[in-house]
Structure formats: C-alpha cells, structure tokens
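K.L.:
Residues per chain are reported as follows:
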Amino acid sequence: MNYISLIEYLPYIFEGLLWSLALVLGGLGIGFTIGLPIGTMITYSDKYTKFILNVYIWIFRSTPLIVLLFLFYWGVFPNIGLKLSPLITSIIVLGLRSGAYQSEIFRGALESIDEGQILAAYSLGMSKIQAIISITIPQALRISIPSLSNEYAILLKDSAICFTIGVLEVLTRARIVSIATGIALIPYLIAGIILMMMTYIGLKFFHTVYKKTVIPGLIEGI
Amino acid sequence: MDFWSNFLINLVQGLTTTLQILVISIPLSIITGFILGFARVYGNKIIFYISTGISTTFRGLPLIVTLLILFFGLADLKIYLSPFWASILGFTLCGGSYISEYVKGAIQSIEQGQAEAARALGMNKLQEIIYIILPQTLIRALPGVSNEIIYMIQYSSLSFVIGVKEIFSVAKTFNSLYFRSIEIFTTVAFVYLLLIAIATLVFKIIENKLKIT
Chain A
1 MNYISLIEYL
11 PYIFEGLLWS
21 LALVLGGLGI
31 GFTIGLPIGT
41 MITYSDKYTK
51 FILNVYIWIF
61 RSTPLIVLLF
71 LFYWGVFPNI
81 GLKLSPLITS
91 IIVLGLRSGA
101 YQSEIFRGAL
111 ESIDEGQILA
121 AYSLGMSKIQ
131 AIISITIPQA
141 LRISIPSLSN
151 EYAILLKDSA
161 ICFTIGVLEV
171 LTRARIVSIA
181 TGIALIPYLI
191 AGIILMMMTY
201 IGLKFFHTVY
211 KKTVIPGLIE
221 GI
Chain B
1 MDFWSNFLIN
11 LVQGLTTTLQ
21 ILVISIPLSI
31 ITGFILGFAR
41 VYGNKIIFYI
51 STGISTTFRG
61 LPLIVTLLIL
71 FFGLADLKIY
81 LSPFWASILG
91 FTLCGGSYIS
101 EYVKGAIQSI
111 EQGQAEAARA
121 LGMNKLQEII
131 YIILPQTLIR
141 ALPGVSNEII
151 YMIQYSSLSF
161 VIGVKEIFSV
171 AKTFNSLYFR
181 SIEIFTTVAF
191 VYLLLIAIAT
201 LVFKIIENKL
211 KIT
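Chains A and B supply the protein sequences, listed in that same order.
Residue 57 in my numbering sits at position 57 of the first sequence, and the numbers go up by one each step.
Residue 122 in my numbering sits at position 122 of the second sequence, and the numbers go up by one each step.
Pulled out of the complex, with its shape left as it was, chain B reads as follows (with noise of 0.2 Å):
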C-alpha cells in the first residue's frame, strides 16, 4: 500500500478517536462549567471556596500539566486511568473551569431587578433560578462557551502525550515512519482548520437563532 492511502485510512481513525474524545468532553465540560459557575454565584461559602479553587487551579494549570498529573501522577497513588478517560477528564475540568468563568460572568450581567420581580410573583430561589436565570445565562455565555470548545478542538491535540491514538499521534507515528513532515503535518493543520471552521459555522448558527430580540 502506498504512503498516501496508509496515511489517510489510519488519520480517518484517528480522526474518530478525536471526535470520539469531543463528543464525549464537550457536553461534560459545559454540564461542569454551569454547575462550578452557579456554585460560584449563589453558593454558600464553603460551596464557593471550593468552586472557586476548582476553577483556579485548571485555569492556573496548563493543560498539558493537568493531563500528565492524571495519568502518570495518579499513579503514584494507585488510581490508574486509562489515556482516553484520564484526557477526558483532563479537558472537562479544565475547560469547564473556563467556562464557569463566562457562566458567572452572564449570571452577573442579569440585572438584579429579574430575580425581585421574580419574587414578587411568588417564586423560590430554585425556580428563580431554573425560569428566570438560567435561560438568560445560556443565551449570554454562549459566546464565550463557542469560543472554549473552539479551543478544546485544538487542545485535543495534547492528548497524544499520554498516549491516545487521536489525530496528531497518528500523524506522530507516520511522521518517524516515512519522515515527509511537510506533507503529513500540513494536512493534520488542515483537519483541524476544517473542523474549526464547522464548528465556527455551527455556532454562528445557534448564535443568530436565540438571539434575544
């Protein structure tokens, strides 16, 4: 079999691998994020000392940090990952510690008149927060959110330090094979500026349809 086809059918399967990571990581890190970012916002004090340090620490750490501590430092005390989850856990934490970031900030930009009149009409605090809050929020931190996955689609690339099969490390791979880096890392450049580019699409298109008007 010749280089090319070789290179293309084992980057499909890394490809699957990558979006398999995604798949999984996106939704988990926005779940992550808006519970670290309401925690941030109406928790007690000890809910917030501990939302706060969570999200500290992973904006502190580099992600490449991160990832090696959960798989080759916790080792150390006996609680073994394997590299795919131990990435996914990686990438929820850190980016929903961002996340959390632009969740508190939307909640903060809704102004405190909403959660009186929502008072007046005979609401709880919770259902303030489900009705009242929480649509806005998710309309407000979208952009910031977009912005996050944007980057975690980049930084998926790390996980090939711990040893996933992902994209980059296919390319890794080929690239101590048959050494044409040019050819080989031009065309991973081009996987990732494509999926970026969707992705951008896609929320430019969720961005324009909950438009608050």
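Excised from the complex, chain A in its bound form (with noise of 0.2 Å):
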C-alpha cells in the first residue's frame, strides 16, 4: 500500500470531474432535444403515433442502462459501420434513455396545464401549433425544472456506469488509481464524494432556477 503515491494521483482523479460533466450535460441535452418534442406529440397527437412513441419510452425506460451501453458499444453502432469513443456512445445512450425519461416529465407538464389556455387561443386566432409553442410548452418548461432537476441527479449517478465501457469519468480514474495504489477504499470514496458534490451543486443551480422563473401564483415555492 502505497499512501503517498495516492496523493500524486489525486489531480488525475478531479480531471475525471470534466469527462463527468460533458457525460451529464450531453445526456441532458440530448434528452431535452428528444423529450420535448416526444412529450409534445404525446400530449397532443392521434392514438397511432402516442403508441409508436410510447413503446420507444418503454424499451428505454425498462432496459438496464448497463444493457444499453454494451449493445449499442459493441452491436448497434459497429453493425452500421459506425466507430465511435466510448465517451460519444455513453453521451449518445445516455441522451437517448433520459429522452424517453424526459418526455415523461413534458408530458405531465403539459397534461397539468388548463385546456381553457388552449381554447382561449384559439379564440384569439392563433393555430393549434402557435397555441402549443407558444402558450403551453413555456409554461411546461417552467413547471418541469423539478422534475428535471431530480432526471439531473439520476444522470449524474448513471454517468458513473459509463466506467464499465471504459469512460475516462471519475469512476473509472479511481479504478485505475486503485490498481496502481493497491488502495481500493480511498480512491472509490473520493469518487462517490465528488460525484456527490457534483448532485447538490446542481440541484442547487436548479433550485435557483426554478425560484427564478416560477410562474407567479400558480405553484408555491418550494
């Protein structure tokens, strides 16, 4: 056991925090793009295509993450001549499953607005189209960062599993750390600890956010 050594490796360890980081944010924002419009055509669409979109969130709500990562890293992607890092893939799944997560979240936010809004616009001459852009999805946005606030913390610990496909994160630099070391307690704890820091600086960030833009008179703050 080498205890001196571990401190050296500490740097190398925090640098994992920036790998951590494009996985949770990639994932957020591939999310966001996918979940927004599928929560959307959810809430509003004919029967045909809600079951079209709602199977599509149920295999990737339903798929361990860990099953995902290793069929689309060493099938899917390879299958359509596609080589691609192990940080794009862990991004592009990861975005793909908080998508079908996401669009959950829209869909409730959109569901809990008064369908009057809806009617009033029309009466105000606007489209069904116009009415959806923009009376009801700037409100399901506000009325959503809750819930993507805590989609944030479920991405942050599943970013940790993009180590078992070999993710230069966090995770996977304690790994290392701890075969070079000899010392498995300290490095893994050091990596739970940041991954930690990271969740309640975030949900903090949120918490901002959501006090920031809550829509006056309709919900409390928290």
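Taking lysine-lysine and the DSS-like style, the derived pairs with C-alpha atoms no more than 27 Å apart in a straight line are: (1) B/K204 to A/K47; (2) B/K45 to B/K125; (3) A/K128 to A/K47; (4) B/K125 to B/K211; (5) A/K83 to B/K172; (6) A/K50 to A/K128; (7) B/K204 to A/K50; (8) B/K78 to B/K165.
Take a look, some chain A residues computed to stay more than 12 Å from chain B by CB distance: (9) I7; (10) G29; (11) Y48; (12) I52; (13) A120; (14) Y122; (15) I129; (16) Q130; (17) S149.
These aren't lab readings, by the way, just hints derived from the structure by calculation.
For every residue, glycine included, the Cβ atom is placed at its ideal position computed from N, Cα and C.
Starting from the two chains in their separate frames, assemble the complex, guided by the hints.
P.N.:
Here it is, written out as structure tokens:
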C-alpha cells in the first residue's frame, strides 16, 4: 500500500470531473432535444403516434442502462459502420434514455396545464401549433424544472455506470488509481464524494433557476 | 453444442442468480426502508441524525460506487464479503434509503388528528404507530416502493462489476466468446423487459386490491 503516491494521483481523479460533466450535460442536452418534442407529440397527437412513442419510452425506461451501453457500444454502432469512442457512445445512450424519461416529465407538465388556455388561444385566432409553442410549452418548461433537476441527479449517478465501457470519468480513474496503488477504499470514496458534491451543486443551481422562473400565482415556491 | 442452446442454458443460470439476489434484497430493503423511514419521523435527535445520514449517503452515492466500496473498499479494512452478499448489502442499503423517503412522505401525509384520536382511545405511542400509522403507511408508500423495486430489478445488472455471475455477466462473457453482440444483448434486454412487465403487473394488482375506498 502506498498512501503517498495516492496523493499524487488526486489531480488525475479530479480531471475525471470534466468527463463526468460532459456525460451529464451531453445526456441532458440530447435528452431535452428528444424529450420535449416527444412529450408534446404524446400529449397532443393521435393514438397511433402515441402508441409508437410509448413503445420507445417503454423500451428505454425498462432496459438497464448497462445493457443499453453494451448493446450500442458492441452491437448497434459497429454494425452500422460507426466507430464511436466510448465517450460519444455513452453520451448518445444516456441521451436516448434520458429522452424517454424527459418526455414523461414534459407530458406530465403539459397535461397539468388547463385546456381552457388552448381554447382561449383559438379564440384569439391562433392555430393549434402556435398555441402549443407560444402558450403551453413555455409554461410546461417552467413547471418541469423540479423534475428536470431530479433527472439531472439520476443522470449523474448513472454516468458512473459508463465506466463499464471505459469512459475516463471519475469512477474509471478511481479504479485505475486503486489498481496502481493497491488501495481501494480511499479512491472509491473520493469518487463517490466528488459525484455527491456535483449532485448537490447541480441541485442548488436548478433550485435557483426554479425560484427565478416560477410562474407567479401558479405554484407556491418549494 | 451450438451457440443458442449453450447461451440460453447459461442465461437461465444467470437469471436464477439475478432472481436469488432480488428475492433476498427486495424484502430486506423494504424492511430497512420502513425502519429508516419511521426512525426519521419518530426517532429522537441521535436516531434522527443517524437514519438521515444513512439515507442521504446512500441516495447520494451512485449504486455502482457503493458496490465497489463494499466489495473492494471494505477488503482494505480486512472485511471480506463475497460478491453475492456484497451486492445484496449494496442493494439493501440503496433501495432501503430510497424507500425510507417514500415511507417518510407517507407518514407525514397522514393527518395529525388520527394520532390524537388514538391517544383519546387510550393507546400509547407504540400502539398508535403499529395499529394506526403503519397499516396506512404500507398502502400510501406502495406506489413509491413498487417504483423503487422496478429500479432495483434494472440495477441488479450492476452486480456484475464485482463479479456476481448474474444474467448480465453471462451475456458479457458470451459476447467476448462469440462476439454476437446484437443478439446477445437484445435477448438480455428482452429478459429485463419481461421481468419488469411482470413486476409492474403484480404491483398494479396489489395496488388495486389495497386501495382505501
């Protein structure tokens, strides 16, 4: 056991923060881009579109992340001729999965908005698409911030799973350090503490955004 | 023996291990969750801090880190757990912490008047908790608990990182032997979809049976 070299490795573990952040922000971004349109379509479109989209959501929500990662990294992407790095694969898979979860969040938010508002928009001469884009979606986005912050925490914890396909994020680096130094407990604890801190900092950020954007009179602040 | 029969036989063995882990860790995590949840609401200051500390820690740590700490980390302190029991301990702590959150919410949603009514009937605090609060908590926490159990089914796949030979690790081994990734991982994904569909159905039935009308 070599505790002195462990200190030398600390910056190496901390560098993994950037990779973890890339995973989380990339996943949230792709998830948002997929989730918002799908959530909107599920709320307002006919039952056939609804059925197809629900199948997508069901598959991505009930398959373990690790199975999806391996399926895409070893199976899907190589078979369609794409050579993607573990990082890019992980971001795409996290994004697809988060998209399924986020579309449920947006569906819930859109359904919570009173239908009378769309009728009022019609009476002002708006089309359905105009009403959705400029009346209901802006409100739904603000309503869904608490759930999105939850999604951020889940994604951050799930990003640690990407270590199984070798993304150089915090946990992978902790593992490399533990192999190099022969000490397991401390590197893993450090990785855990870094991820926990990132969770709480992120949640604080989302809470601030929520406080700033809360719709006056609709919901009381948390 | 050809690929498919060989793969499916091993897959069934893996599935047995997965089910063993789940059958042991789900009841344990429900019990842990209820103990933690009640300790967080009714405990005195010390019990409150300990139980809140446990649930905050294991909800904050990613499950995969918890598992690695329990298996590799504790070995540094000369505590040796087998992969199987380390993963059960991990799932119990993590699942129990999340369930305690639902239990706490359920207890707090029961109106205060019921406790006073119990007192008026001459019950002491323990009787009140056992006969009045607990049965209602069981029902009110059920949607959250069933959600958490569905997560546990998914995350049981993580125990392969500490070397448990469950269904996913079988798939991983076969992938490195035959490299037929799409067939292998789609089959595994299908097994999980099936497990979760069954669990969802069972919980729906239980919820309908227990609904307070």
